[in-house]
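All chains, please: the whole structure from these sequences, using the hints.
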Amino acid sequence: MVGGFNVHHDAVQPVTAPTDAQRALAASLVDEALQAYQRTVPRRALRDVREFMIDELLCTSYGRAKLARLLDSCAHDSGTQDTNPDIDATDETTGHT
Amino acid sequence: MRSYAVAEKVSAEEQILCASLLPMVESLVEQVLLRWPSLKADELLNAGRFAAVAAAKEYRAERGPVEPYAFAALRREIHSAARAQLATGEHASVAPDPWPLADIEVDEGMPRSAAMETDAPVVGGPSRDRAALVASLEIRAVHLLADDLLRDHQPEQDDQEDQQRLERSIAILRRAARSLLEPKPAYFRVRYEERRSTNEVIEALVLSEPELRRLSLRVATELARALKGPERPSLR
Chain A
30 MVGGFNVHHD AVQPVTAPTD AQRALAASLV DEALQAYQRT VPRRALRDVR
80 EFMIDELLCT SYGRAKLARL LDSCAHDSGT QDTNPDIDAT DETTGHT
Chain B
8 MRSYAVAEKV SAEEQILCAS LLPMVESLVE QVLLRWPSLK ADELLNAGRF
58 AAVAAAKEYR AERGPVEPYA FAALRREIHS AARAQLATGE HASVAPDPWP
108 LADIEVDEGM PRSAAMETDA PVVGGPSRDR AALVASLEIR AVHLLADDLL
158 RDHQPEQDDQ EDQQRLERSI AILRRAARSL LEPKPAYFRV RYEERRSTNE
208 VIEALVLSEP ELRRLSLRVA TELARALKGP ERPSLR
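As given, the protein sequences belong to chains A and B, one line each in that order.
The numbers in the numbering used here rise by one with no breaks, and the one at position 46 of the first sequence is 75.
The numbers in the numbering used here rise by one with no breaks, and the one at position 230 of the second sequence is 237.
It should be emphasised that the hints constitute simulated quantities derived from the structure, not laboratory data.
Note that this is a predicted model, so its numbers are computed, not measured.
Note that CB positions come from ideal geometry on N, CA and C, so glycine has one too.
Mixed in with the good hints there might be a few duds.
Stated by the list, open to error - Partial selection, computed: residues in chain A whose CB lies under 10 Å from chain B:
(1) Thr45
(2) Pro47
(3) Asp49
(4) Tyr66
(5) Val70
(6) Arg72
(7) Arg79
(8) Ile83
(9) Leu86
(10) Lys95
Structural data, given as structure tokens:
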């Protein structure tokens, strides 16, 4: 805290170039989120918002963290499923992944 | 041409903030160059650095982390520089000026939405994690779309079909807002139609910030439901 200026810069981490997997995942997530609006919203607005959201996922540390969490859980899930075929039943009963 | 020389007037704290934003500037420029490879990177980087300085100077800690706060401003300046380089009238996809993502973060405590229960194909990850992220992105999208649709448009910006869609979408949003109970219509008016800042909305509606976040999420959910149309599953 310096002169009432409580800086949050420690939340910003260096952003390396996104991997192909991160780019593909970001595009597919955003496309899925926008799918419901495709019949009503102007295509130009959809295109602009799509690019904005993909950029936010790929160019910010918080967007990249969301992608990394999903990619990690995907990798963990596939690894777990290899060794634990009952994982789906566990999910149904606990409601947790 | 804008100059980065304003850095000499920047305090030490602001310089630290500014430096922390530079990786995001570089990432944004990379994204622009992927879309328009012929553009000059140096000019885009200068525009981004200038915006980073401005964002660092304007930032106030009570707005939360600096990165979500600065993202839209940095991107807008870099895309503005890209559009100036294109100088052909080609639309350079300049995004609207939304609230930072942190202001509408819905990952935590968000009700399990219909988006998480649809039979939409799920690929690329565990379905629940993915659906939760898609649901938060749907809310993010409706904020951005409402911002875009309700700003002043130049008639030549859209083709005829898009103009019809624009008029229809605006009508849907306004009708949906009118049908809500107060203070949701008031929020819609000051937030989207009058385009007031977060602090101004808080002041106008006499709300705390947490109350504003909840109200924002509820309104966005209703707007999303309306924009999707009756055949689509709602977010609630």
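**Prompt:** Any CB of chain B closer than 10 Å to the CB of A/Arg72?
**Reply:** Where the cut-off is 10 Å and the nearest Cβ of chain B is about 6 Å from A/Arg72, the hint holds.
**Prompt:** With a cut-off of 10 Å, does the beta carbon of A/Ile83 approach a beta carbon of chain B closely enough for the hint to hold?
**Reply:** Hint on A/Ile83: holds, closest Cβ of chain B at ~8 Å, below 10 Å.
**Message:** Does the closest beta carbon of chain B sit nearer than 10 Å to the beta carbon of A/Thr45?
**Reply:** 8 Å, holds
**Item:** Residue hint A/Asp49, partner chain B, criterion CB-CB below 10 Å
**Value:** 12 Å, violated
**Asked** When the nearest CB of chain B is found for A/Pro47, is that gap smaller than 10 Å?
**Response** Where the cut-off is 10 Å and the nearest Cβ of chain B is about 8 Å from A/Pro47, the hint holds.
**Request:** So, A/Arg79 near chain B? Judge it on the closest CB pair being under 10 Å.
**Result:** At 9 Å from the nearest chain B Cβ, A/Arg79 passes the 10 Å test, so the hint holds.
**Message:** Take the shortest C-beta to C-beta distance between A/Tyr66 and chain B; is it under 10 Å?
**Reply:** Holds, because the Cβ-Cβ distance from A/Tyr66 to chain B comes to roughly 5 Å (cut-off 10 Å).
**Message:** Given A/Lys95 as an interface hint, is its Cβ closer than 10 Å to any Cβ of chain B?
**Reply:** Hint on A/Lys95: holds, closest Cβ of chain B at ~6 Å, below 10 Å.
**Prompt:** When the nearest CB of chain B is found for A/Leu86, is that gap smaller than 10 Å?
**Reply:** Holds, because the Cβ-Cβ distance from A/Leu86 to chain B comes to roughly 8 Å (cut-off 10 Å).
**Prompt:** Hint check: is the beta carbon of A/Val70 less than 10 Å from a beta carbon of chain B?
**Reply:** 5 Å, holds
The structure shown violates just one earlier hint, number 3.
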